[in-house]
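Student: So the chains spell out like this:
2 protein chains.
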Amino acid sequence: MKRGTRDRLEAAGWRVGDVQEFLGLTDEEWAFIETKLALADAVRRRRQRCRLTQAELAKRLGSSQSRVAKMEAGDPSVSLDLLIRSLYGLGATKEDVARIIRQGARRSAA
Amino acid sequence: MKRGTRDRLEAAGWRVGDVQEFLGLTDEEWAFIETKLALADAVRRRRQRCRLTQAELAKRLGSSQSRVAKMEAGDPSVSLDLLIRSLYGLGATKEDVARIIRQGARRSAA
DNA sequence: TGTGTATATGTCACATATGACATAACTTGC
DNA sequence: GCAAGTTATGTCATATGTGACATATACACA
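Line order of the protein sequences matches chains A and B.
To convert a position in the first sequence, counted from 1, into this note's numbering, add 1374.
To convert a position in the second sequence, counted from 1, into this note's numbering, add 1374.
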């Protein structure tokens, strides 16, 4: 959120905090969630770049379409193990995974 | 393994393959295992740098000493989730985690 | 020798993640 | 409109990870 925007909201009586404050998450919890979301986002991007459907990727992973959908949606029932396994299954290297974790999720639109 | 060493072993009748070939792992499986081992190694290093015992770290994580020991040993019963959670719990940043995954485990001695 | 502290290993009841399946909600093209 | 293809959502039995606990091993230092 831009500084100016925040100021304006607060002037208007809003109590403005970032998502972390709002949910009462610690730094660790937040970093963990960010990591998961970044990986989830990366799975979708990489799968699409490979021109695979969720069902096709699922087959390649020995999983199911619904689980791939949950993965990409960042569903809390999906583990980091599955996310990272999926990326490697999509041909990602350790360098790729490192970059994803470092840089976080891409913005949805410009 | 150095090229010369390998040649000599093969000349002596050894069938020489790297660990990956030996276990029959795919590239993905291997990358995943390397990732886990790198994180396991990093947890131990970081815990020791923080001068914490396994029991102390366990308490901080809401886990147990035995699980921390298994984590650091790279036990297959430990998930990536717990490893990464532990690193964040030890104060690691996303950049730190990315570096660990990128660079892999440190050599045990120089 | 023992005594304390740290780590390793094994087991178990319980929690969570999993693939599978069904089905709903979108897209895209006709 | 209506299909066909793709993705989202919900449920469930079972597989896997979990903390707790006991106990073994290791390494100090008296």
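I should point out that these hints are in silico values taken from the structure, not numbers from a laboratory.
Check before you lean on any hint, since a few could be wrong.
Each pair may be met inside one copy or between any two copies, as identical chains are not told apart.
[Unchecked claim] Distance condition first, Cα-Cα at most 25 Å in a straight line; then the derived DMTMM-like pairs of lysine to aspartate or glutamate:
hint, residue 1, residue 2
1, K1433, E1402
2, K1433, E1408
3, K1444, E1402
4, K1444, E1403
5, K1444, D1455
6, K1444, D1470
7, K1433, D1401
8, K1433, D1455
9, K1444, D1415
Student: Against this structure, judge whether each hint is valid.
Tutor: Hints and how they fare:
In this assembly of identical chains, K1433 and E1402 lie within 25 Å of each other by CA distance solely across copies; the values are 15 Å between and 34 Å within a copy. Only between protomers do K1433 and E1408 lie at most 25 Å apart by alpha-carbon distance; the minimum there is 24 Å, versus 27 Å within a single protomer. In this assembly of identical chains, the alpha carbons of K1444 and E1402 lie at most 25 Å apart whether taken from the same copy (23 Å) or from different copies (21 Å). In this assembly of identical chains, the alpha carbons of K1444 and E1403 lie at most 25 Å apart whether taken from the same copy (20 Å) or from different copies (22 Å).
Within a single copy, K1444 and D1455 get their C-alpha atoms as close as 14 Å, and across copies as close as 17 Å, so both meet the 25 Å cut-off. With identical chains, the CA atoms of K1444 and D1470 are at most 25 Å apart within one copy only, with a shortest distance of 22 Å there and 27 Å across copies. Taking the shortest alpha-carbon separations for K1433 and D1401, only the inter-copy value of 18 Å comes in at or below 25 Å, while the best intra-copy value is 36 Å. In this assembly of identical chains, K1433 and D1455 lie within 25 Å of each other by CA distance both inside one copy and across copies; the values are 17 Å within and 24 Å between.
Taking CA atoms no more than 25 Å apart as the test, K1444 paired with D1415 passes inside one copy only; the shortest distance there is 11 Å, against 30 Å between copies.
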